[in-house]
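> This is what each chain is made of:
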Amino acid sequence: MQATSYQTVDDLRAHVGKLRSSGEADRRRLLCCCGTGCIASGAAPVAEALHKALAELPADKRAPLNLVMKRTGCHGLCQKGPLVVLMPEGTFYTSVKPKDVPEIVSRSVLGGEVIERLLYRDASGKPVQKYSAIDFYAKQTRVAMRNVGQIDPASLDDYLLRDGYQALCKVLTTMTPEQVMQTVEKAKLRGRGGGGFDAGRKWRSCKSAKGELRYIICNGDEGDPGAFMDCSIMEGDPHGVIEGMIIGAYALECHEGYIYVRQEYPLAVKHLQRALGDARAAGLLGENILGSGFSFDITIARGGGAFVCGESSALMRSVEGKVGEPRAKYVHATDKGLWDRPTVLNNVETWVNVVRIMERGADWFCGMGTERSKGTKAFSLTGKVKHTGIVEVEMGTTLRQIIFGPGGGMLVEGEGGRFKAVQTGGPSGGCLPESLLDLSVDFDSLTKAGSMMGSGGMIVMDHRTCMVDVARYFLHFLTDESCGKCVPCREGLWQLDRIVSRICEGKGAEADLDKIEDLSKAIELGSLCALGKSGPTPVLSTLRYFRDEYLAHIKDHRCPAGVCKALITYSIDKALCDGCGACLAACASSAILGTPKKGDSFEINTLKCDRCGACAAVCKRGAIAIS
Amino acid sequence: MSATILRLVVKPQHCIGCRSCELACAFTHGKDGQPAASRCQTVTVGKDEYAPMMCLQCDHAACVQSCPVSAIALQPSGIVIVDNERCIRCMACTIACPFGNMHFDPSAGLIHKCDLCAKHGDYPRCAMFCPTKCLTVDRPAGDAGR
Amino acid sequence: MSFSMMINGKRVEAHDGELVLAAARRAGIHIPTLCEHEAVEPFGSCRLCMVEVTKEAWKGWKGLMTACLYPAAPDLIVETESERVLHVRRNVLDLLLARCPDSKLIQRLAAEHGVHRTTFTPRDSEPSRREGERALAAPDLCILCGLCTRVCETAATAAICTVKRGHAREVGTPWGTPPPDCIGCLACAHICPTGHIVFVETGFDRTIWERTFALVRCKDCGRPLPVTVEQAAFLAKRQQLDPSYFERCEACQRQSTAQVFGRMARWNRLGLVQEPSAPVKPVEVKP
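Protein chains in written order, with the numbering used here: chain A, 1 to 627; chain B, 1 to 146; chain C, 1 to 287.
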């Protein structure tokens with residue numbers, strides 16, 4: 001609960017000075033990750049247990065510890081959660097359960113020991129003790145994600161101790177709005193939400209537009225399946241977003257801002273609301289911010305559960321209380337956006353980058369990345385990699401470096417888990433094959449290769465992923481999420497989905513491939529918004545790089561990856577089967593014949609078989625094969 | 001902005017009920033002179049008393065006011081015109097006109113009203129064919145009507 | 001502010017605030033449309049009026065825009081039948097033909113663009129519905145142009161609107177029930193290009209969207225007027241006209257006015273000087 005209101009910049013700086021000299025920053029910290037990912041793995045009871053155990057320590061044991069426990073945001077290595085980290089030692093525990101808590105408290109917290117069985121293990125199986133030694137973290141450049149996982153998002157002091165609001169202080173006292181604008185332009189910051197449009201240019205055209213009233217919006221819709229970077233920033237570093245928006249509002253001389261959070265992120269909303277409340281109470285938001293004369297406040301708007309509302313004009317309609325439908329983009333939002341007034345909309349990650357740029361300067365920012373893609377980018381790395389989670393790297397890092405560096409490489413080593421493709425950019429992006437692993441990850445290179453950066457989703461696939469099925473999955477997603485206003489997207493994507501689904505069912509024809517290309521061109525040219533325009537990209541990119549897989553489905557009625565249900569059969573190798581009956585118990589379709597008896601062997605009735613794969617998953621003898 | 005170019009002057013005291021005006025209008029605006037196409041209707045008001053009725057091109061027209069999509073407007077020429085591309089066939093104008101001079105043609109699906117033959121050379125045919133000079137044309141800018 | 005632009009190689013005059021479609025029409029150049037109507041704001045949903053636009057300053061870059069929404073601009077160069085435009089149009093009509101194979105309008109338009117049979121999967125005849133929801137209009141002919149909902153919003157009570165998303169999107173009413181705000185004006189039915197919206201007129205009442213509306217009866221002769229009771233009340237309020245303007249039929253209005261004229265004629269024949277008596281009650285005009 002924020003008690004003090006800082007009337008001037010000096011007040012705030014004095015407070016930060018006091019905090020620093022108080023030794024607050026030097027206390028030992030027990031960080032328990034409470035991001036949505038770890039909560040899903042059971043972090044809440046762990047945090048509760050830790051809190052209780054520490055509170056129950058007798059005073060004479062607790063005081064000398066000088067320890068504070070923090071429920072933080074997402075640490076990024078979501079694969080290994082729940083995560084508990086002890087700082088400054090850097091001891092990094094993974095997959096922690098409530099029953100491990102007493103041991104952690106007695107041995108690590110009190111005894112200063114390291115519990116080996118809880119440590120993270122590297123590729124060779126060796127335990128790694130320190131946070132900083134883990135490849136996943138060592139190979140990242142955490143700029144936008146700098147604070148996430150290190151602070152308690154509910155604590156303004158935590159944020160202040162990590163240079164929070166220092167950029168704002170600098171801006172309010174030593175820079176004019178024009179100077180801030182020029183700094184962002186100089187930094188060549190490109191939007192991190194998917195479009196990659198130059199933020200400085202966007203701000204400039206909004207400022208030049210006619211009208212007294214302007215708005216800024218933070219796009220926290222993050223609709224791409226598999227993307228959760230913005231989620232972790234909003235949950236774990238809400239003040240970072242807020243500070244970025246205040247700076248942006250100052251540059252644009254606007255007084256009202258909105259953060260649009262998708263319906264499915266209640267924790268982000270909760271943390272943002274609390275941070276907004278604390279910021280207001282501290283004099284960092286609202287009238288006369290820190291005595292500067294500049295007034296600005298932020299309202300949270302919640303989505304209703306529609307991917308299309310991540311599109312900027314649809315988002316604005318949604319904030320206005322209307323149905324989220326895009327409108328023609330000839331009139332730019334910077335001229336007529338929210339309520340037909342000049343509006344700047346930027347992504348969560350973009351706003352946080354604004355803070356960093358103002359802190360360290362445009363030149364510093366330009367020092368990272370490539371010629372036309374400056375800075376860093378956070379990616380949600382998922383799929384068949386060892387370390388699924390959030391990875392932030394400099395632009396220009398190659399796909400190989402990301403997947404095999406912090407990504408830790410393929411989930412299954414060797415031929416059994418060979419790399420096949422990586423999908424970037426979500427439903428608007430494409431699949432890139434092994435031959436392109438050394439592609440530089442930046443806006444233009446990805447687009448040229450037939451994919452796109454998108455908001456940062458990166459899905460790694462191996463030989464057990466069917467590329468036709470991947471195309472079908474994204475098409476199905478898009479037909480579900482299409483607003484339905486325009487014909488090419490509503491009807492066209494639906495028809496594309498039908499064609500590709502038929503191919504997956506073994507009912508395709510070679511002429512279908514030409515049809516796909518013909519229709520895709522019409523959809524790309526004719527759709528009203530980017531959802532439709534980029535909708536055919538997954539199909540087109542998989543057709544470009546994996547055409548023979550499509551042909552196998554069509555001509556040979558075969559799914560090489562063994563995924564498409566209509567084209568595969570499950571069978572039991574009698575030589576390997578030991579009659580244990582585990583498969584019989586697992587089968588929900590009663591498709592397995594045989595009685596559990598050692599020496600007896602089982603058979604699968606292919607007519608009843610659902611191809612769910614449950615039997616293969618439980619068979620300890622590896623006797624079940626897909627053909 | 002052009003001023004009023006012409007007005008139709010009606011002197012009902014001279015009307016003999018011959019309905020030449022109706023016929024002229026029907027042949028000008030309709031196919032084969034079907035009576036429903038006429039924008040002019042001669043009404044019998046008593047024994048040997050008649051009055052030809054057509055749009056009065058009101059300065060503050062009720063039809064203009066009643067149209068929910070603003071498809072009707074008084075032009076600078078002084079004529080009230082219906083934009084049939086804009087009309088949504090709600091029929092409000094046909095009822096609102098206090099003089100009953102707005103008609104809906106169901107076969108064409110269009111609203112029609114007297115427009116002083118604006119699409120036919122600004123020469124009101126009813127006046128051309130009126131034998132008694134009940135209907136005459138007044139051109140404020142130029143020659144008096146025929 | 002007037003300026004010139006080029007459409008299909010022809011110089012066309014246009015002015016500020018005009019859209020390419022209007023400029024083209026004035027120049028006699030036909031661009032097909034489905035979701036466009038003068039009475040409602042342009043929507044840009046059918047994508048049929050797509051044109052290719054460029055300017056010399058754009059150095060060869062050409063954009064595809066819908067003519068109904070794209071503003072005419074000085075030195076704009078527009079092509080209404082380029083290869084890319086025709087590609088989009090052909091596919092749009094092919095897709096619509098798959099959606100509404102029975103629509104005569106779509107069949108004709110598609111045939112004009114070389115599509116005589118759809119190359120896509122025809123839509124299922126009955127969309128999946130929530131239990132208890134009734135079909136309020138036969139789903140066969142709706143091309144989701146949005147004209148009905150837009151005209152209802154602009155000129156009536158916004159009683160209908162589109163519901164659901166994507167391929168399941170349809171024109172509907174609150175919770176699938178007969179719309180409580182409908183005034184029975186039939187604007188939606190008249191504006192529908194495919195004739196999808198059905199209604200029944202008995203001469204005394206009207207049924208549309210499963211609601212029956214009584215027509216106003218003329219105060220003098222008792223014959224039905226072509227507006228419903230609810231419509232008359234709505235119009236009086238919205239157009240700020242006294243309700244008395246919607247009480248008599250055309251014929252009775254004409255008759256009563258003719259009587260006035262007849263009186264004037266009589267006075268004239270009797271040689272009496274025509275003086276206007278009490279001024280005629282002026283129309284309540286609110287600018």
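By construction, these hints were calculated from the structure, which means they are not laboratory data. The beta carbon of each residue, even a glycine, is placed where N, CA and C say it ideally should be. Keep in mind that the hints are not guaranteed to be accurate.
[Unchecked claim] Quick look at which bits of chain B chain C covers, simulated, 3 or more residues with Cβ under 8 Å:
hint : segment
1    : 28–41
2    : 59–72
3    : 99–105
[Unchecked claim] A short list of chain A residues far from chain C (calculated; beta carbon distances all over 12 Å):
hint : residue
4    : G23
5    : M69
6    : E116
7    : S132
8    : A154
9    : G405
10   : L439
11   : C486
12   : Q495
13   : G506
14   : S520
15   : G526
16   : D548
17   : L584
> All hints, please: hold or fail.
Going through the hints against the structure:
1. Counting residues of the segment 28–41 of chain B whose beta carbon lies closer than 8 Å to any beta carbon of chain C gives 1, which falls short of the minimum of three for the stated coverage.
2. Counting residues of the segment 59–72 of chain B whose C-beta lies closer than 8 Å to any C-beta of chain C gives 9; at least three are required, and the coverage claim holds.
3. Requiring three or more residues with a Cβ within less than 8 Å of a Cβ of chain C, the coverage given for the segment 99–105 of chain B holds, as 6 such residues are present.
4. Every Cβ of chain C is farther than 12 Å from the Cβ of G23 of chain A; the closest lies at roughly 55 Å, confirming the non-interface assignment.
5. Every beta carbon of chain C lies more than 12 Å from that of M69 of chain A, the smallest distance being close to 44 Å; the non-interface claim holds.
6. Every beta carbon of chain C lies more than 12 Å from that of E116 of chain A, the smallest distance being close to 52 Å; the non-interface claim holds.
7. S132 of chain A, annotated as away from the interface, keeps every beta carbon of chain C farther than 12 Å; the closest lies near 47 Å.
8. Distance check on A154 of chain A: its Cβ is at least 36 Å (rounded) from any Cβ of chain C, clearing the 12 Å threshold; non-interface status holds.
9. Every CB of chain C lies more than 12 Å from the CB of G405 of chain A, the least distance being 39 Å, so the non-interface label holds.
10. No Cβ of chain C comes within 12 Å of the Cβ of L439 of chain A; the nearest lies about 26 Å off, and the non-interface call holds.
11. Not every CB of chain C is more than 12 Å from the CB of C486 of chain A (nearest about 5 Å), against its label as outside the interface.
12. Consistency note on Q495 of chain A: stated as away from chain C, yet its beta-carbon is not over 12 Å from all of that chain's, at 5 Å minimum.
13. The Cβ of G506 of chain A sits about 17 Å from the closest Cβ of chain C, beyond the 12 Å cut-off, so the non-interface label holds.
14. Residue placement check: S520 of chain A does not keep its beta carbon more than 12 Å from all beta carbons of chain C (closest about 10 Å).
15. A cut-off of 12 Å between C-beta atoms contradicts the statement that G526 of chain A is not in contact with chain C; the least separation is 4 Å.
16. Remark: the non-interface label on D548 of chain A is consistent with the geometry, its nearest Cβ contact in chain C lying 25 Å away (cut-off 12 Å).
17. The claim that L584 of chain A lies off the interface holds: its Cβ sits roughly 36 Å from the closest Cβ of chain C, which is beyond the 12 Å cut-off.
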